[in-house]
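Chemist: Each residue of the sequence shown is one higher than the one before, counting from 775 in this note's numbering.
Hints in this document: simulated from the structure, not taken from any laboratory. Honestly, I wouldn't trust all of these hints.
Cβ pair distances, simulated, as ranges [what the hints assert, rightly or not]: (1) S977 to L1078: 29 to 37 angstroms; (2) E863 to Y1000: 31 to 39 angstroms; (3) C826 to L951: 26 to 34 angstroms; (4) E781 to I827: 18 to 26 angstroms; (5) D953 to C932: 55 to 63 angstroms; (6) V861 to L951: 47 to 55 angstroms; (7) K899 to K971: 33 to 41 angstroms.
Model, not experiment: these values are computed from the prediction. Even for Gly, the Cβ is constructed at its ideal location relative to N, Cα and C.
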Amino acid sequence: MKQSVTEYLKSQFAEGMNVHAYIIQAERSEIPSLLKQCARIALCPNQGNDDCIVCRKVMKSEHQDWISLPLDKSKNRVTVEDISYLVEESMKRPVDSGEVRVFTIDATDSISGVGAVTWQNKLLKTLEEPVGNTVIFIGVTNADSLLRTVVSRSRVLCQSKATVGEIAQILQREGYLADKATIAAALCDGDLESAKKIIADSSWMQCADKALAMLTDNVSTKNALYYVSSFTQNKEDLPKIMKCLVLFLRESVAYRVAQQLVTLTEYQQQLHAISCNYSIESAFHCISLIEKSYKRLSNGGNALVEADNLVVSMLEVKYRCRI
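Starting from the given sequences, assemble the full structure and let the hints guide the process.
Modeler: Encoded structure:
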């Protein structure tokens, strides 16, 4: 989409072509202000192109027909209670603008972990049977992280992101090593603020090292216990290790079929080793296994059980799907 998210929405609302639910994908740092602009466009009779009283109320967060979730800004995690409030409020008539009620949901910190699936499922009924005068905007850094049922009932709008190379260069200018900067840039979904948090968190780089060790080491299922122990040394790190595993496997496929698409250019030797250990078929199969395990873990699965099953399954796939 060549237009920015706001320009696209202005044209949609001006022409009466808007839908009831949008997923706004953008960098984390942009989402709060972008969601406010979305509310302004939806509520203003002139789509926010003037400085009318509606615009001023929205910009001051005083408009009674704009409800911003989560309600607890200090935790910034969407809860089932937030969505219950949305459902209840969506049944009411507009009290300020006279036209529409707008709900913005900042879900940047709420698409994984405890309760992530529950609040999305709670929202589904409203997305499936929307009230005529309600518009919902959901802000995320990666729309694919939401439930597919939520995505399928919304229109996804993507604000352009910085590339891995651009973010890595910024991090290097701030004094970080090139290899670590590239890893952080590749894991951050195009969000510079997330990249800075990742590279400043030593556990992320430790998780990357653990993922790389398993993928490059020509191990057998007899050594699976070592990696299960390594992956669950700190159970809170297991989701990070899973993300790193997926990153390295995808990069190994690119290394084999289209090297110009490789983003981890400082890891050519390791990617070569991974491509020798995992065929293209086994790499894709392992990515699927990891993503399924990640979802189970996010829904309260046992970390030790998931790590054990995942490591053994990946090693079995590695030897079953030969080059």
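Chemist: Does each hint fit the structure? Answer for all of them.
Modeler: Verification of the hints:
no. : hint                              : result
1   : S977 to L1078: 29 to 37 angstroms : violated, 18 angstroms
2   : E863 to Y1000: 31 to 39 angstroms : violated, 53 angstroms
3   : C826 to L951: 26 to 34 angstroms  : violated, 51 angstroms
4   : E781 to I827: 18 to 26 angstroms  : holds, 23 angstroms
5   : D953 to C932: 55 to 63 angstroms  : violated, 28 angstroms
6   : V861 to L951: 47 to 55 angstroms  : holds, 49 angstroms
7   : K899 to K971: 33 to 41 angstroms  : holds, 34 angstroms
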